[in-house]
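Starting from the structure of chain A, add chain B where the hints point.
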Amino acid sequence: MGRHFRKGGPAALLLSTAASIALAGCTAASGSERPTVAAAPVASEEPYASTYERFPGVPTAIVGATVYDGAGGMIENGTVLFADGEVVGIGGADLAIPAGYTRVDGTGRYVTPGIIDIHSHLGDYPTPSVEAHSDGNEATDPTTPEVWAEHSVWPQDPGFSRALANGGITTLQILPGSANLMGGRSVTLRNVPSRTVQGMKFPGAPYSLKMACGENPKRVYGGRGRMPSTRMGNFAVNRETWIEAQEYMAEEEPGRDLAMETLAGVLSGEIMIQNHCYRADEMALVLSMADEFGYQVSAFHHAVESYKIADMLREHDVCSAVWADWYGFKMEAYDAIPENAALIHNQGACVVIHSDDENGIQRLNQEAAKAQADGRRMGIEISDADVISWITLNAARAMGIDEMTGSLEAGKMADVVLWNGDPLSIYSRPETVWIDGAVMYDMNDPQMRPISDFELGQPGEGDVK
Amino acid sequence: MKRLLTLAASAIALTSAPALAQDVAITGATVALGDGSEPVENATVVVRGGRVVAAGAGVSVPAGVTVLDGSGTWVTPGLFASSTNLGLVDVGAVSESNDVDADDSPFGAALDVAPVINPMAQDFGYSRAGGVTRASVMPEAGASIFGGQGAVIDLGADFDAVRHPRAFQVVELGERGARLAGGSRTSVHTLLRNALHEAGTYGEAAQLRSGSSSAGGREAEGLDSRTPNPVDRSGDVLLSRFDAAALVPVVRGEQKLYVKVERASDILSALALREEFPSLDMVLVGATEGWMVAPQIAAAGVPVIAVALRDLPVSFEQLAATQSNVGRMVDAGVRVAIGGYDSSGDHPRNLPQQAGNMVALNRVPGATGLTWGEAFAAITSVPAEVAGLGGRVGVLAEGAHGDLVVWDGDPLENSSAPLRVFVDGVEQPLTNHQTRLRDRYRSLDESERPRAYEW
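Top to bottom, those sequences are chains A and B. Residues 1199 to 1663 (my numbering) make up the first sequence, in order. Residues 113 to 567 (my numbering) make up the second sequence, in order.
Don't read these hints as lab results, they were simulated from the structure. On a predicted model such as this, the values are computed, not experimentally measured, just so you know. Just so you know, even glycine gets a beta-carbon here, dropped at the ideal spot from N, CA and C. Any given hint might turn out to be false.
Unchecked claim - On the chain A side, residues computed to face chain B include the following (Cβ under 8 Å):
#1 1246
#2 1428
#3 1429
#4 1438
#5 1541
#6 1556
#7 1571
#8 1624
#9 1651
Claimed, not checked - Beta-carbon label-pair distances, calculated as ranges:
#10 A:1509 to B:453: 33 to 39 Å
#11 B:132 to A:1274: 17 to 23 Å
#12 B:309 to A:1651: 41 to 47 Å
#13 A:1655 to B:347: 34 to 40 Å
#14 A:1424 to B:350: 37 to 43 Å
#15 A:1331 to B:302: 29 to 35 Å
#16 B:298 to A:1646: 40 to 46 Å
#17 B:566 to A:1581: 27 to 33 Å
#18 A:1509 to B:294: 55 to 61 Å
#19 B:206 to A:1491: 30 to 36 Å
#20 B:181 to A:1256: 53 to 59 Å
#21 B:206 to A:1424: 18 to 24 Å
#22 A:1492 to B:206: 32 to 38 Å
Chain B with its partners taken away, still in its complex shape:
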């Protein structure tokens, strides 16, 4: 492991004053751009005004920027965590602190994580300290097949986390969806198609004007899913007005539809929905058996968010699970972001471990993994593209957000961790509940006074 030579690991204390973006150049570092290319040694990254100016070998340092010697370190774009519950939960099993799903809510698609995301939740800070600078926050389905609307956030240490509210809608199409829908996949498909038809009809009746509401911009005038139009709907409706309004941008393709689906046949059925609803802007989430239908996914141009290391037949919809799933889909031309939770140990900060294992897999005969560049892209630029932010985050390209992580070694290696993290050019504090406990219990000496006085 390369050891830190010149960049101090000290975290700056979080102050109440607004943090200012720094104009900074890091030189002499090993730089991974995040775009799928292999890392470049002795390279330079320049950030001004919160944006990347240039990155790579032979980049000159403009006048007026602070120069940091990055020798011995790696510099990369911040990680983009695709499928998280950041800011929705303090403690998973403490239900009152957990807003991940809404089991007893009368609403489904209308649910919106944006107003409830809490950037002070400890997992936020842990993820930031792990090099995650952007994330999709994905609600889970609780009472309906729709989980509601997710958001794209940044992990800066401030209250302005939500950068793109209502960036996508979540729907469950597999076994879980079947349970929520009434006990069968048949009901899932009927409910979903009905909902999209109702939303389409509702949108037309309400004469909502269409407009761009991609993740990159605020929602267009006249199309706010939180404000149902008082249109008179005829009978034979299942959706509440809020839920119908929330699905209008989905059926119009103005808001992404994240489809949680695992089984190969279910994936094909999901893709086929686009014949009936051609505007759907779909992302497959899960896709454990995606490798079996990878050519069809690629042909559809639908990206995937997958847990990289899932390799057990956990359910009958995942019988074909293999760690080669991601690599095979990538080889078939599918854009695949690595993300999601499988066990209590899967947190956003462990994304590099999933990605690194994909590189290791390439050395196992008969298995299909990823190159280092592909693996790192799967936790940086590709998830950003999937979220509709291609070229703007997850990559060290001119004009991209100045989200940088300075690592003490190869970021995919078990032994590595961030030394410094920048969001939009602003250096971030890396202290949190865990680091404070670590420091308190560095010694167990209580001969003078209890540990409680050590802080």
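For reference, chain A alone in the conformation it holds in the complex:
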């Protein structure tokens, strides 16, 4: 197998100067050291830098609601305070409300942190799902760490608004597809309408590299008579590529090389790994590969067999980003079981419920609830508050943004969803969604339902979708 990447000229390596990102996993007990936003490179040095700035909001006090804080806590008749884009505090009915706060009656309602989807292709595979919009897989080479998902994101994808209004999604990670072993860099977005992707980029969020095990890469490339065509081929190509990255990093004056810059970012701990991987045995092999080259897998995605190795995943501090009950659509999903999430959680390993789907992202709360109930039926009791963490703080940890969002902790971003009922019930929907303390969706105000350019003047424009 030859080299997979061009070597660039003698220009200095332009890696992010961000402080090394601690790749702590996401078990409930882990208190990871996160880089501060201030440690991120200044805008002039950061290519395609975020231009997102929070929108205006008013100091707000939600009172009388059942509050899930995202970190496993629950408060009945709770109070949530936020102002200037940040959570000020949460507490019981006795929590003092400072002067000047707008009160929101939460009676009979529930509050959670903004819901986070760690695995989305919105924007990269937008609707309408026409060929001209198929921008999620650079399926021309099995390793394309040089591509960045953000360069494919179409901000006018109507799916963003559905995820906001129906799913309470405030933050989402857009990943390249899984045709390639190394699919490219992810981008983490604030779920705010924007004319540009830069206007959605989550300031200070680390990049991740999307990797993929198993059937997809070997099918895509094996089908073209090239490597990899087998699972062993998958690993060989990966390992040779990591070796190449090590060599690149050892160069005294490495040239610009987009692919190698991404891989060097992984090996130096600045870029996280989100690894599409279904089968338990393959996940175990990936963990060995990560040991071989000295990187940490943040999360296995679509990890339908995590329940078989949940002990190992706990020990390696790796999250499992899973569906509640998808199964059977491909061979490596044949052993998927609906108790997967509960069994992972029961072993003390980290669970994230993900969507990978423009429909599923509208109902991560329901998916989490189904997974909880499937656990309960086999005798695994998981509290509602812990289940909410599967779609909030655990996702944030596995994306490296848990110091900034994912739970209702003072000082964090005021990403808040007010639900019109128990979010784990089928009968509940988001009523109000705040992002950085600004109302971005209000069920009771038709004007507070964003409409993408694509849907203007179309049948059903402004409809409650």
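What follows is chain B alone, placed relative to chain A:
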């Protein structure tokens, strides 16, 4: 969530002996009849000889039946899944295990799922465990605009799944149909009209005697679409004899025509086909933009099978997609069954999730959802009616099949699941590949021996 109090959740093992229908009464349960009414608390359901005797509050328990205390549980008719590939596929992406469509077949309308349905496919068992007791198995169009003939099945754990073979024909009229037809909707309509004309001519020439072949009964004498009559057909024909024979009952209105169509204008064009072929017994499948022409659909008396939660402009034929589609059509008087697949997560056992979301939608200002009773009917009695089995399945009415599901809570709620499932009064096993894996990996302890010895 109401917890199970008295009904054991244990599944009985599947034995090789023929299962016998039980005469059983379940008392003290919350009962949903499936007919659109709201659930009734502290009600009783009686099944004898495989049929429902009575259901509701104040129903007395006859002598000689086994009485089960249903307090704390819900009892409903089994779910009817309208648009499935049950028994046609083991693994979607393993093509040799997937009989959903026939990409390279020389046949279209003549294709028949009945002889290939495999009740041992795991999805069968998963769906059964999810409370699905009846389903329409719908082939997809592969090489022609016709998908072929679907069947109505029951999900009992036996090999006698196909209850109504060749219950309906499937045709693609939208974007997919256009691709299959040669690149344009113009070709779809021409191909379809030509096919129906050829079938009509063929049927007359063959002097096939007409007869009832509704889903409720076996096909009439002399009208078996698998046996083309050796009539001499003149030139200028596109259909093979098998395909022409298969469409004879369609053009005569003796077999339902499931028309897959999404765009509002395409729906109207589909309905207009009945002017030229007045006997067509049509069902619209998809109908994402149905709400825009709901009065016309209602006036035509044509029922719809729709994916409830489709709300994105996935294609240019679905620009008006909204979760309010089902509710608006129902309000306009259209009979709407919820069914179909949109993502890899959509399986028949998740029909209650789609239906439950319709109830939630009623609380969103500006949206149109369903009442609980309407929503539950959309996955029980209405799909049964659409399939031609109204009053016989999908409802707890006297004389209906004894398909019962005992749930551990509100069947539309995320947290609920079946405890016991009966088909024709026969209690069904709820174990399957998934439950066996669950039990094996309940513990990861291998200190004594590998997990492979745990079974």
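Hints and how they fare:
no.	hint	result
1	1246	violated, 27 Å
2	1428	violated, 17 Å
3	1429	violated, 16 Å
4	1438	violated, 28 Å
5	1541	holds, 6 Å
6	1556	holds, 6 Å
7	1571	holds, 4 Å
8	1624	holds, 4 Å
9	1651	violated, 12 Å
10	A:1509 to B:453: 33 to 39 Å	holds, 35 Å
11	B:132 to A:1274: 17 to 23 Å	violated, 51 Å
12	B:309 to A:1651: 41 to 47 Å	holds, 45 Å
13	A:1655 to B:347: 34 to 40 Å	violated, 49 Å
14	A:1424 to B:350: 37 to 43 Å	holds, 41 Å
15	A:1331 to B:302: 29 to 35 Å	holds, 30 Å
16	B:298 to A:1646: 40 to 46 Å	holds, 43 Å
17	B:566 to A:1581: 27 to 33 Å	holds, 29 Å
18	A:1509 to B:294: 55 to 61 Å	holds, 56 Å
19	B:206 to A:1491: 30 to 36 Å	holds, 33 Å
20	B:181 to A:1256: 53 to 59 Å	holds, 55 Å
21	B:206 to A:1424: 18 to 24 Å	holds, 23 Å
22	A:1492 to B:206: 32 to 38 Å	holds, 37 Å
Figure legend: structure checked against the earlier numbered hints; hints not met, in rising order: 1, 2, 3, 4, 9, 11 and 13.
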